[in-house]
Amino acid sequence: MKTMLFSVRIIMLRDLVQKAVYLGVGIASYAAETANSNIKELGNHAQKLVDTLVERGEMNAEEARRYVDELIREAQGEAIAHGEGENKQPRRIEIITDEEEANPDPLAQKTPAQSQTEDVEALRRQVAALQAELQRLNRQP
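Going by my numbering, the first residue of the sequence shown is number 1, and it counts up by one from there.
FYI, nobody ran anything at the bench for these hints, they're computed from the structure.
Computed Cβ-Cβ distance ranges for the label pairs, DEER-style:
{"#": "1", "residue 1": "Glu74", "residue 2": "Ala132", "range": "14 to 24 Å"}
{"#": "2", "residue 1": "Glu74", "residue 2": "Thr3", "range": "58 to 68 Å"}
{"#": "3", "residue 1": "Gly77", "residue 2": "Ile11", "range": "40 to 50 Å"}
{"#": "4", "residue 1": "Tyr30", "residue 2": "Ala129", "range": "25 to 35 Å"}
{"#": "5", "residue 1": "Glu118", "residue 2": "Thr3", "range": "45 to 55 Å"}
{"#": "6", "residue 1": "Glu55", "residue 2": "Val21", "range": "46 to 56 Å"}
{"#": "7", "residue 1": "Arg14", "residue 2": "Val54", "range": "55 to 65 Å"}
{"#": "8", "residue 1": "Glu55", "residue 2": "Ala129", "range": "17 to 27 Å"}
{"#": "9", "residue 1": "Val54", "residue 2": "Ala28", "range": "31 to 41 Å"}
{"#": "10", "residue 1": "Leu23", "residue 2": "Val127", "range": "31 to 41 Å"}
{"#": "11", "residue 1": "Thr111", "residue 2": "Val54", "range": "37 to 47 Å"}
{"#": "12", "residue 1": "Glu118", "residue 2": "Leu13", "range": "34 to 44 Å"}
Cβ coordinates follow ideal geometry from the N, Cα and C atoms, glycine included.
Go ahead and model the full structure; you've got the sequences and the hints to work with.
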């Protein structure tokens, strides 16, 4: 009887571990898709800004193409640097207890998804600042 209960517990534990692995893979996949869509969105915003600059004659087409390529390369490079590229070692998974969740470590590192979201937001702010500067320059005589 005890061996049967032990076997059932082993099976339940195996199922739980398998579900945890699937959850981790799903989260990683979602983070990668979100990162790619954010980079594409940033590229579209940068392209619109550069098209405006080219139309107004403030930048030629070759400079515009290099600028957009550089922005996208930077965004992709930061994504890879923050763990979205190939990893040679598996990532560490931490199990947080209720007590740790209630008292989070203020020095804890951010997840790659959080860091990338902040990077994308910083790039959006840069694009907005460039657009504001362009509007300010267009208003000057």
